[in-house]
Structure formats: C-alpha cells, structure tokens
Amino acid sequence: MKTLNRREFLQLGGITAAMTALAACRPLAEGAAAPTQVSGEIAPLEYDGEWLLQRTLQRISFAPTPDEVAHAREIGIDNFIDEQLAPDSLDDSHMEAILAPYSTLQAEPAELIDSEQPYMPLAELTAATLLRGIYSRRQLYEMVVDFWSNHFNIYFRKGIVRAFKTADDRHVIRPHVLGKLQDLLLASAKSPAMLIYLDNAQSTADRPNENYARELLELHTLGVNGGYTQFDVQEMARAFTGWGISRLRGRRGQPGEFYFDDQNHDSGEKLILGATIPANGGIGEGEQIIAMLAEHPSTAEFISYKLAQRFVADEPPTSIVSAAAATFSASRGDIALTLGTILHSEEFKASLGTKLKRPLEVFLSALRSTGATLAEISTRGSGRNGNRRGGRAALADHLSLMGQPLFLWETPDGYPDYAAAWASTNGTLARWNYALAVAYDQGRSVSVDWAALAGDATDNTQALDALTQRLLGGRLPDEAQAIILNFVGAAPLETSLPAMGALILSSPFFQYR
Amino acid sequence: MSTQLSRKEFLSAAAKSAVCLCTPLDVGRLLPSMAFFAPPGQEPRGDILIAVFQRGGMDGLNAVIPQGEIEYYRQRPTLAVAESNGGKASAIDLDGFFGLHPSLGAFKNIWDAGELAIVHASGSPDPTHSHFDAMDYMERGTPGEKSLSSGWLARHLQTTDWDNDSPFRAVGIGAMLQSSLRGPVSATAMQSIAQFHLGGDNQSAELAQFQATLGELYGTGSLLDATGQLTLGATSTLEQVIQSNYQPSHGAGYPDSAFGQGLLQIAQLIKAEVGLEVATIDIGGWDTHAQQGALEGDMPNLLQDLADSLAAFYTDLGSYTQRVTIVTMSEFGRRLQENGAGGTDHGHGNVMFLMGGGLNGGKVYGDWPGLAADALYGPGDLAITTDYRDVLAEIVQKRLANEHVAEVFPGYSDMNVLGLARG
Numbered sequence: 078m079k080t081l082n083r084r085e086f087l088q089l090g091g092i093t094a095a096m097t098a099l100a101a102c103r104p105l106a107e108g109a110a111a112p113t114q115v116s117g118e119i120a121p122l123e124y125d126g127e128w129l130l131q132r133t134l135q136r137i138s139f140a141p142t143p144d145e146v147a148h149a150r151e152i153g154i155d156n157f158i159d160e161q162l163a164p165d166s167l168d169d170s171h172m173e174a175i176l177a178p179y180s181t182l183q184a185e186p187a188e189l190i191d192s193e194q195p196y197m198p199l200a201e202l203t204a205a206t207l208l209r210g211i212y213s214r215r216q217l218y219e220m221v222v223d224f225w226s227n228h229f230n231i232y233f234r235k236g237i238v239r240a241f242k243t244a245d246d247r248h249v250i251r252p253h254v255l256g257k258l259q260d261l262l263l264a265s266a267k268s269p270a271m272l273i274y275l276d277n278a279q280s281t282a283d284r285p286n287e288n289y290a291r292e293l294l295e296l297h298t299l300g301v302n303g304g305y306t307q308f309d310v311q312e313m314a315r316a317f318t319g320w321g322i323s324r325l326r327g328r329r330g331q332p333g334e335f336y337f338d339d340q341n342h343d344s345g346e347k348l349i350l351g352a353t354i355p356a357n358g359g360i361g362e363g364e365q366i367i368a369m370l371a372e373h374p375s376t377a378e379f380i381s382y383k384l385a386q387r388f389v390a391d392e393p394p395t396s397i398v399s400a401a402a403a404t405f406s407a408s409r410g411d412i413a414l415t416l417g418t419i420l421h422s423e424e425f426k427a428s429l430g431t432k433l434k435r436p437l438e439v440f441l442s443a444l445r446s447t448g449a450t451l452a453e454i455s456t457r458g459s460g461r462n463g464n465r466r467g468g469r470a471a472l473a474d475h476l477s478l479m480g481q482p483l484f485l486w487e488t489p490d491g492y493p494d495y496a497a498a499w500a501s502t503n504g505t506l507a508r509w510n511y512a513l514a515v516a517y518d519q520g521r522s523v524s525v526d527w528a529a530l531a532g533d534a535t536d537n538t539q540a541l542d543a544l545t546q547r548l549l550g551g552r553l554p555d556e557a558q559a560i561i562l563n564f565v566g567a568a569p570l571e572t573s574l575p576a577m578g579a580l581i582l583s584s585p586f587f588q589y590r
Numbered sequence: 009m010s011t012q013l014s015r016k017e018f019l020s021a022a023a024k025s026a027v028c029l030c031t032p033l034d035v036g037r038l039l040p041s042m043a044f045f046a047p048p049g050q051e052p053r054g055d056i057l058i059a060v061f062q063r064g065g066m067d068g069l070n071a072v073i074p075q076g077e078i079e080y081y082r083q084r085p086t087l088a089v090a091e092s093n094g095g096k097a098s099a100i101d102l103d104g105f106f107g108l109h110p111s112l113g114a115f116k117n118i119w120d121a122g123e124l125a126i127v128h129a130s131g132s133p134d135p136t137h138s139h140f141d142a143m144d145y146m147e148r149g150t151p152g153e154k155s156l157s158s159g160w161l162a163r164h165l166q167t168t169d170w171d172n173d174s175p176f177r178a179v180g181i182g183a184m185l186q187s188s189l190r191g192p193v194s195a196t197a198m199q200s201i202a203q204f205h206l207g208g209d210n211q212s213a214e215l216a217q218f219q220a221t222l223g224e225l226y227g228t229g230s231l232l233d234a235t236g237q238l239t240l241g242a243t244s245t246l247e248q249v250i251q252s253n254y255q256p257s258h259g260a261g262y263p264d265s266a267f268g269q270g271l272l273q274i275a276q277l278i279k280a281e282v283g284l285e286v287a288t289i290d291i292g293g294w295d296t297h298a299q300q301g302a303l304e305g306d307m308p309n310l311l312q313d314l315a316d317s318l319a320a321f322y323t324d325l326g327s328y329t330q331r332v333t334i335v336t337m338s339e340f341g342r343r344l345q346e347n348g349a350g351g352t353d354h355g356h357g358n359v360m361f362l363m364g365g366g367l368n369g370g371k372v373y374g375d376w377p378g379l380a381a382d383a384l385y386g387p388g389d390l391a392i393t394t395d396y397r398d399v400l401a402e403i404v405q406k407r408l409a410n411e412h413v414a415e416v417f418p419g420y421s422d423m424n425v426l427g428l429a430r431g
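For the protein sequence lines, the chains are A and B, in the order given.
Position in the first sequence (from 1) plus 77 gives the number in the working numbering.
Position in the second sequence (from 1) plus 8 gives the number in the working numbering.
The reader is advised that the hints may include incorrect statements.
For each label pair, taking beta carbons as the anchor points, the in silico distance ranges come out as [what the hints assert, rightly or not]:
| hint | chain 1 | residue 1 | chain 2 | residue 2 | range |
| --- | --- | --- | --- | --- | --- |
| 1 | B | Tyr254 | A | Leu414 | 31 to 39 Å |
| 2 | A | Ser166 | B | Gln248 | 43 to 51 Å |
| 3 | B | Asp103 | A | Gln194 | 13 to 21 Å |
Derived coverage of chain A by chain B (criterion: at least 3 residues anywhere in the stretch with Cβ under 8 Å from a Cβ of chain B; other residues may be distant) [unchecked claim]:
| hint | segment |
| --- | --- |
| 4 | 280 to 289 |
| 5 | 557 to 566 |
| 6 | 579 to 588 |
Heads up, simulated DSBU-like pairs for lysine-lysine below, C-alpha to C-alpha not over 35 Å straight-line [claimed, not checked]:
| hint | chain 1 | residue 1 | chain 2 | residue 2 |
| --- | --- | --- | --- | --- |
| 7 | B | Lys279 | A | Lys426 |
| 8 | B | Lys371 | B | Lys116 |
| 9 | B | Lys116 | A | Lys235 |
| 10 | B | Lys116 | B | Lys406 |
| 11 | B | Lys96 | B | Lys371 |
| 12 | B | Lys154 | B | Lys406 |
| 13 | A | Lys235 | A | Lys257 |
| 14 | B | Lys116 | B | Lys96 |
| 15 | A | Lys257 | A | Lys426 |
| 16 | B | Lys371 | A | Lys426 |
| 17 | B | Lys371 | B | Lys406 |
| 18 | B | Lys279 | B | Lys116 |
| 19 | B | Lys406 | A | Lys235 |
| 20 | B | Lys116 | A | Lys257 |
| 21 | B | Lys371 | B | Lys279 |
Rather than coming from a laboratory, the hints here were simulated on the basis of the structure.
Being a predicted model, the structure only gives us computed values, none of them experimental.
Using N, Cα and C, we set each Cβ at its ideal position, and we do this for glycine too.
Isolated chain B (complex conformation):
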C-alpha cells in the first residue's frame, strides 16, 4: 500500500508533553487476539493484587512499635517512639501492645474498619544482610536459592486456572519491571499513563501507519518481537480506554510523591477495567543507616508517604476495595540497637501490611518473639516467626483463587495459615 506522506502532518514534536492519541488503530493487524476486559467465563476469579516493595529494608520496629517491650526503649535511646499517650508525639495504640508510628496515622481508619492487617516478625528466613541478595530471594520466592529465574508473581499468573490476554494483566509501575514479575508471562512496565504512547502531540494518520510498520518490523524474528508487540498492544488499549483528565473519587488526595502518583496510575487502570490482575510498585529510600529520625526526619517522612498514599488509593477505589488486596514487603528489617549515627543497620524480622475488603483486619498477626537478648536473631535482630511466604500463599490461595501455591513457592511445604484472609 503506497502512502503519500505529508511532511507537515508527519512531523512530530516528540518532546512536548503528552496528549492521548485518538486515531484508531487496526489492532487486529498487531495482535492475534486481545480482550480489553477478560471475556465472560475467563474473568479472573480473584482479587486484583497490588504488591508494594519497600526498597532498602524498612525499620519495622519503628513502624509498628512494640510498646510493651522495655528492650525497645533501652536499645533505642534516641530513636524510640514513646508509648501511646494520646498525644501526637507518641505511638497510635493498636491493640494495647503494638502501636503505629504517628506518621502512619492515615492507616488508623482502615485498621478500625477491619481492612488493615499487620504481620510482625515476618520476612524471608535467609540470613543475608545484602540488599541485593535479599530482594532477589524475596522476589523470586525462593529464599537461599537462585536456580529459578522466574518471580513468584509470574509463577502465580502462569498457574491460574484461567487465561487473560490483556496487555495489562500484569503491570509494574516504574522504568524497569520488578523481578517478581519476570518469567514466562507478559507484563507491562510503565511509569505513567499520560506518557505511555508514541509520538508526543502528533495525532496523524501517518503516525498510526508508522506504529503499524513498527508492528511489522517487530515481527521479523528478533527476540525483541514479543516486547515490541506487547508495547504496541498496551498503547492501543490505553488510547481506547483511558481518559486524559482523571479525577480521584470520594475526595481522595494523593500525595505528590512518586509513590502516590504511581498508585494513582494503578487506580486508573483498575477503574478502566482493562483486565489488570497484578500490579507491582516500589517505594525506595528505606535504607536508613544514619539520622533516620524518630518522630521527624527521613524515616517518618517515608512512613507518611507510605500511609498517606495507600490511604488515598484505598479511598479512591471506593467499592473496588472489595476486590483488591494490597500487600507490602521489604527485604529485611533493621537492627534493634540504634547505631552511632542516629540510624540502624540491616536486620532481619520486619512488618508486612495488608489492606483489602477480603481481609480479617484490625489485628497484628504472627507470634511475637520478644526482644530479650536470647530471643534476638544473629547480631541483635528481631527474629522471624512468620515466613513471608505464609502470608503470600494465603493471599494467593484465598484472595487470588489460585490453588497452586506449591508451584508459586516451590520447595516450601511447611505452610502455616494465619487466617488473615477470607475465602
């Protein structure tokens, strides 16, 4: 087919800010089949899962404070958060023993509504204090083992009893796909919906043809073909479904942070019903070796961002929360004893937060091992009494309707059901 190109129409000011393309594409030429929504009979039977990874090793002991532990106050003379006394400079009491860091105040309503669950003294049992190894093991879902190259979420998606062809079945927010989604499933990495299209302001028919030609070039046998096709499929879906001026619902106010804005993208995808099943998102900066701050400073700021963003997201979703489960994790916790720089070194046991309408929330799960010297792990860390895979496996099974947990977490058979989810 010959094309007369008009120079004026084709030229693109690609660096200008984004406007959604409205030219319909011949999508059929690009992909063999594509469902915007999962077709009837193949609709995902479970919740949409949001997996949040806190990069750097969150200090769980200052996030969910064991107020009843004298060692907590002894070992953290400058960093400890005071026991709840009703004031802003103290913990927010949860159950008479544990208290929330005041910067996590936005979680309290959700806790009171029974839709926030906490698992303390949890994590990956591997003793490594290396960020990179710990994250790697956690995302592969095989602590101590690197022989499997897939991530636990990819294996979950691979083993569900249904199919979902949507290019947005699995989305990683960020420039690079999180390792938990790596594997023999299609996953889309994106930073924001607004910029996820080809060609800047250009809306010409010629750009559409250019896009189609790219589809052909990414069909000539290169191993980038699959990624190319997925990219084109994802941009087409977005064009046809997403509005450019999204307004959050129910008065939700997202923080201006990257994490908050990333959750905003996920909320849009959920409400657009494009077949999203799993979304992964990172929040970084948790490696607080120095001057982490007790009530003010780096760590409280991070906690504020975490809670305010997730609370806004939760509010924005409205009734979708009944079909959403959010889980947080971090590669390890931090040492009980504060160090000489007003911070904490790499530790072991940590906190996981879960939110969703299908949870038995309002409770801190797990056996609390205590902070006495003989109860600590290694060089003085909080011990782990709940393997993080117990938490994830229960979610996979009860909320994500996938019975194949043994394939999602191979080599792990000692599963302990906490009862934190219904289903």
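Chain A with its partners taken away, still in its complex shape:
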C-alpha cells in the first residue's frame, strides 16, 4: 500500500488520502453478536399521527423531500414502500443531466488504464454516488446499491483497480441489486475489479490463490459460521483458477475484460461443501459453485441478517432474520422480495428511529432535508486528489472526516454497520463540524435557504418548529426546544435560523433514523 506524505495527512484538503491508511481493517464479528452498542433509546419526537410515516420515510430514503412526504400520505406508506421496491417504475430521467459532466462514469476500463488523470475515476464515482443519493427519486434503490457495494467491497486504490471499479459499479452492482442474488454473485465473480482486488486474476493451477475463494464463502455468501472448512476454501480456489482478465499476462481479447483461461485452470475433480464437481468442467465449475452457494441455507441466513442489520437494527431480532431467510429461500434469492418482508414487518416498525446514521446517511440527510443547493463543480486541474480548491467537491471532505470516504475501505468486509463503530469522539466532532459547514457555508460548497425552510414563521419559536418539522419530521422534546431557544434568545431570524439549523443537525436527534 502506498505511503502518504505529511501535507496530505495534515491538510483537510488531503484528508481523503489520509483516511485511506487510517481507516485500515476494522474487525467485524461476522454472523455473531456485535460488540457493545449504543442503542437508540433516545427521547422520541412527539407522536402526532404521522410518526410512522415520517420515520419509515427516514429509514427507506436518505431523507424525505416534502413531495415524497405528500406522495406517501396520498398513497399510504405501504404502497410507497412497494413503489420504492420497483425503482424502474419511477422516472429518474433528471439524473442524466446531473451526472453528464462526469465522463469517466461511462468510460471503458481500457480507456482509463493509461489515463493522465488517474485520480479522476474515484473522484467522479464518489461525486456520482453522492449526487444520486441527494437527487434520485429511487432513494431505496440507492440505499440498496450502497448496501451491496459494501457487501462486495472493493478498495478503489489497490493498484489498477482504479481503472475497473467504476465499471464494476455500472455492470455488476447497479443492474442487480434488487434482482436475484445468483446474478449478482456471478457478475461479481467475473468482475475484473474484484478479480484484481482479491487476487484471483493471478490464481493459476500451479499455484492457486485462496483470497477470493475465502471471501466468497466468508463474506459474500455463507458467512464465517456458515459451515465451510479450510479444505473447501482450497478446493474452491482450484475451481476458480483461470478466471482472469483479458490482455493481462498475454491473454487475448479486448483489454480489461473477463477472460476464462483454460490453460491456467485446474481441471481436476473437486469436492466442495460435500458436492463433487466433476473434472474438466471448465468455466462451468465456477458457475455451478456460484449457483450452489446462492441456494445454500446459510446464505439465506447470512444475507438476511445483513439486510436486517442495515434496515432494522444492529442486532436484528431473530424472528425477522428467519422470516426474511424464508422469503429468500422460497424465492430462490430474490432480493426485492426479501427486503419487502423486512420493510413490511412489525420488527421494522418497532425499530424506527433507533438506528444510528452512518456518516453517509448524515451527509446526505443534511443536504436533502435542508433542500441545500450545491455549488458548481470545482475546476479540474492538477493536484493529487483531483483538486479540492472549493466548489461542491470540498464538501465530500466531511464524509472522510466522519470516517466513511466512499470506496476507500481497504478490506473486503466493507464498512461496519453497528453503532459502536461510529459513535466515537472523532466521528461525533466531525458530525458537528459538518453541521456547521452546511449551515454557514454560504455557497462556497453549499448553501441553504433557511428563510424558505422557516416559511411563515415570525418568531424563533415558530421558526424552530418549522425547522424541526422539516429536518426531523416532528417536534423536539420540550427540554431540547428550550435549550435551543435559550441559545438564540431574541436574535432576529436572519441570524437565529442558521444557528438553530446547525444545532438541530448537530443534535442527537438528527443522528438517528
């Protein structure tokens, strides 16, 4: 891994680079009880008949817009959930213009390998992911994209992966996130980015490399307690030898595509998870294994657990994990149906408001709920990290400071999803600084029209009500209201609004969904 220079480490402008090394491997108790947690027993917002609707919207989107709230009221929250589970039915054509400036999004890896701006793909994929989170109508879809990106984590900065990960996002993740798990698994197994990241592209019959085989079992399908052995790992590594990339190491084809190399494939018979894979099965062996893993009952449990952890609670109740696993198995791995079981459940409803937001959710919910306007894209130029001289790109630094720079988690397990990992002093301070930035930036990166959010309010008390309704979907408890009103005192709206906004965004109440 590359080392960083002092300038990069100390300057906020280079903080993304610093985060790379500092966010090194986080241990995660896969499939077992997570460590000591900060659970969400916060003082709830006052129930005003809309609590279930508002909190559900906050859980299945990065934050609801007034239009979405109105639409959900009109059709009912259950129908709204189902609508979001069928994202193709939602018109998202406005995203085309928003994403148009980011040309590497559509580039082929072959074009990016020798690029003179090797840091551009990461900067643009990060920008695109954030912009989709802010502006897409397919909010749940974008949340599920984030989920699977993490599940099939690929570290953007491992060597030449930087030329391939964008294609992985485009061809592997995004088309398959609400479809069948088997399709997603197969696409990932053939993804050049994944083959490089987990070293399978260099795995040969003479010397097989176990890295991908192990993570396919441990992290992608069965889970660490799913019932496989070291022998299974070794046999699977044999099966996936030859799964490589064209034009790397003298292979034929267009550069940078999946290429099955029979010469490097170990064609002998294999025994995996009790099943015999006959000799000379070629590429079919790996495909057969993928099908087997997708159907394995441990996979149903493990995937359901992770989805429930994301959408219900750090330690999801066994009942909902089982229910989701049953749907998963019955539907042969249909992710949308499995998620539907979770989102319509009583366990889901009971958990609302108690899941700590990760930095990505803090970042996006602050921008969506305030209706913030982003500054222009910063001017491109030289500079190791794709230029951080102002413009909207500077805002993403806060995401790094909070601890979740996109695509920069080094190890295959992806960012952790339990509160104890995120409720740190460093993370808390960064959230407060982000709140101040959003409230007071005045257009360098972002601007908020606080007066518009306050609507008809004529004094600070009314203004605070309007803001909390917009930012939190309800009223604050009396004690918290008094604290904030005490701070702003008799200050005029012009100065009190951003201050109240900053306090709300910094408060414990904004940290949960």
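Could you slot chain B onto chain A? The hints should help.
For chain B alone, coordinates are given in the frame of chain A:
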C-alpha cells in the same frame, strides 16, 4: 441567558484548515470533574502503553529471518532474505540465528541498547485464517470466544487499582476506535490533534456558547450523551494544553506516512501529560498475497515504515521511554511456502516486537519450533509456542502495574512468564 448574535462573529468557515481555539470554556458546566493530569495519589503507577496492530497478517518469517533454517530458503526461492553477510542485501544479524530484514534497520540501535525485545513463533492459538475473526479474537483477548464484548485493553483499564478521569486516558488513533478499547471505559478516537476541535478558524465567543449548548443537548437523555460529553471534554483539554507548532525532540524525523504521523500525535499527547495511559494505533496493508517483494516492494516498504516510524517516536520521547512500553501484534503470520504470485497466504505463528526502557531487550524470546515439515502447523505454517497473551499479561503485570491479569484475559490460566520485562 440571552445572547445577541453578531452574524459576522458567528459565521464559520468550517472547511478551512485548523487553528487551535483559545477561548476558554466553562469546563465545569460540561463535566462533573476533570483532571488534566492524574491527581497526586491517583497517578497511573505503570508505563504508558502503545499497542500497535499490524492489520492484514504480517509475514513474520521475512521480518525476523531464521537464518539457520534451510527450509526457509527451500520454501521461499524468490522471497527469502539472504543470511547476514554484512551487506545491505542481507539480513541484519541479531543473535547468530535470527536476523532482521534490512528494512527494519532502524530497530538495530534500540536492539543494541537492550530496549527492543522480539517474541517469535507467537500469536493467537485459534486456527482461523479469517482476518476478521482473527483480529476480533486477538483484540477481545479471548481466542475462539466472542461472548465477551469488551476488548482486553478496556478490561485492563477497568481493573487498575487507580482511577484516571482524563478524557485522554485511552486514545485510539484513527477514525474508529480499535476493538481492544471497546468496553465500559471512556476512550477517545482521534486522527490528529490539529483537526480535533470544533468550528475551523472560528474563535468567537459565540462558538464557545454553541459548544456549551451542544453540551446541554447531549445531556437530555440520549445514549449519545456520553460520547458527546467525552468529545467536548477532549476538545477542551486539547485547547488548553497542546501547542500548535510541535517540534520533535532529539532530531527525530518521523516518516510522512500515516503511521508515522499517527505516532507523532501520540508523542505530543505523552509530552503534554494529559493523563494518557493507553494508545492504540494501526498500520495496515500487511496482507501480502501477491508480489510482496523480498528486499524491495510492498512488504519491505511496510517494514521500513514500521521501523522508521517507531524509531523516530522512540527518539522523540527521549527520557519518557523509561515510562513507555510499545508492543506490536498482527492477527496471524503467513505461510512458510511462497505462493505462485510472489506472495504468501495466511499463516499462524508470527513475530511481536516490544520496545521500552523497562524491558530486558536485545533478545529473541520464545521456543523456536523449527521449520521441518513435522514441526509446521496446519497446511504448512509456523507453529505458535508462545501465546500472545503471555506477552501481554507480563506487560500488564510488570509494566502497567495491574495484577488483575486473570480478568484482563479471562479463561486463560496457563500463563508462561518469559522474563522480557522488569518490574
């Protein structure tokens, strides 16, 4: 209390680089009691511990080379480091059998001074080759068991015979707190002192009041309250104690790496005497499955960073080294036989490095099991003859002045004292 806010004074350019806030805070409003230094009679009786975790599984066999082992050279035709011959392309001899990888040259002086100890063929006895499980077990201090949710360092801090209210009693360098510090003790996660404050350039009284209001909001019954209060306490302490232009002492030159700069933060905290007892820091990238490099490449670069950074830190500390113990660990070692990609797969036995003025250094500890085929563990790994808990328990007891090792490492009673520390 009413406040007239001046817009000009309050506005914050939060994205600009950091300057230390100098506005004094009414700290008493935020925390019931806080000692910057441990009060007399409650001062920690032991060393400051620096626990370094090498993430990914360091290849111990190429870090501390068993020069006398023919199997080492047989099984690593391209990766083996040559036996010491005085040249730069060979190991640095330590004791006639073991040699240091040349990229670890910065350790040699400390070794010669008797303040660097090495434990080879050490590690966690659990057979797992999963990074995540292995790290998890190692940091919990209960290999094979996940029922305890606390980390070994948290349990150490919990069981000491003294109290220490400092918000910097335990510090994890990085964005997220290391698992070894998770538990019923306060621990501060931070990346750098320079950026660890609220509000960018803003130094106004209004920001101070904003900060105080945050203190009130994080006192209304949320389970984030404790973290909020700790954060505010930590920023206050830093404001009042740390200078913004720190210069390392004794000519220490820290590498520009994240690890080097992280150790620099710890050095500042130590010298500021804010009550630091335990610091944890990671150095990642050790999972060298492919093209790890023998004398040049990824692995030698990592070793260089490790040794140069720790040596600079050690130099910078000067006489503080008499009250500091550093220990390194990694979740597992790597296989004896190199693989087909010029790298190594996950293994078992590994190397731990220890540095400090209270050590019986200049020695490689542990029973060397050898590399003959029948001495290897599992699919061809270096065996473990010293449980890592033996090493840590001796440090906890002799250097950290904590007798309660049975609570720090529950379920482990077969402790073997190596004699690597005085106390």
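Within 35 Å, alpha carbon to alpha carbon, are Lys279 (chain B) and Lys426 (chain A)?
violated, 51 Å
Need the status of pair Lys116 (chain B), Lys96 (chain B): alpha-carbon distance at most 35 Å?
Satisfied, since the Cα-Cα distance of roughly 13 Å is no more than 35 Å.
Can you let me know if the beta-carbon spacing of Asp103 (chain B) and Gln194 (chain A) is within 13 to 21 Å?
About 51 Å separates the Cβ atoms of Asp103 (chain B) and Gln194 (chain A), which means 13 to 21 Å is violated.
Verify the proposed pairing of Lys279 (chain B) with Lys116 (chain B), using a straight-line Cα cut of 35 Å.
holds, 25 Å
Annotated coverage of the segment 579 to 588 of chain A by chain B, confirmed only when three residues or more have a Cβ within 8 Å:
holds (count 7)
Does the Cβ distance between Ser166 (chain A) and Gln248 (chain B) fall inside 43 to 51 Å?
Check failed, 58 Å falls outside 43 to 51 Å.
If you draw a straight line from the CA of Lys371 (chain B) to the CA of Lys406 (chain B), is it 35 Å or shorter?
holds, 18 Å
Keeping to a limit of 35 Å between CA atoms, is the pair of Lys371 (chain B) and Lys116 (chain B) held or broken?
holds, 12 Å
With a C-beta cutoff of 8 Å, work out whether three or more residues of the segment 280 to 289 of chain A approach chain B closely enough for the coverage to hold.
holds (count 8)
Hey, Lys116 (chain B) versus Lys235 (chain A), does the alpha-carbon distance stay inside 35 Å?
Distance of about 32 Å is within 35 Å: holds.
Check the following: the C-beta atoms of Tyr254 (chain B) and Leu414 (chain A) are separated by a distance inside 31 to 39 Å.
violated, 57 Å
If you draw a straight line from the CA of Lys257 (chain A) to the CA of Lys426 (chain A), is it 35 Å or shorter?
Given pair Lys257 (chain A), Lys426 (chain A) holds - Cα atoms ~26 Å apart, limit 35 Å.
Taken one by one, the earlier hints fail for this structure at numbers 1, 2, 3, 7, 16, 19, 20, listed in ascending order.
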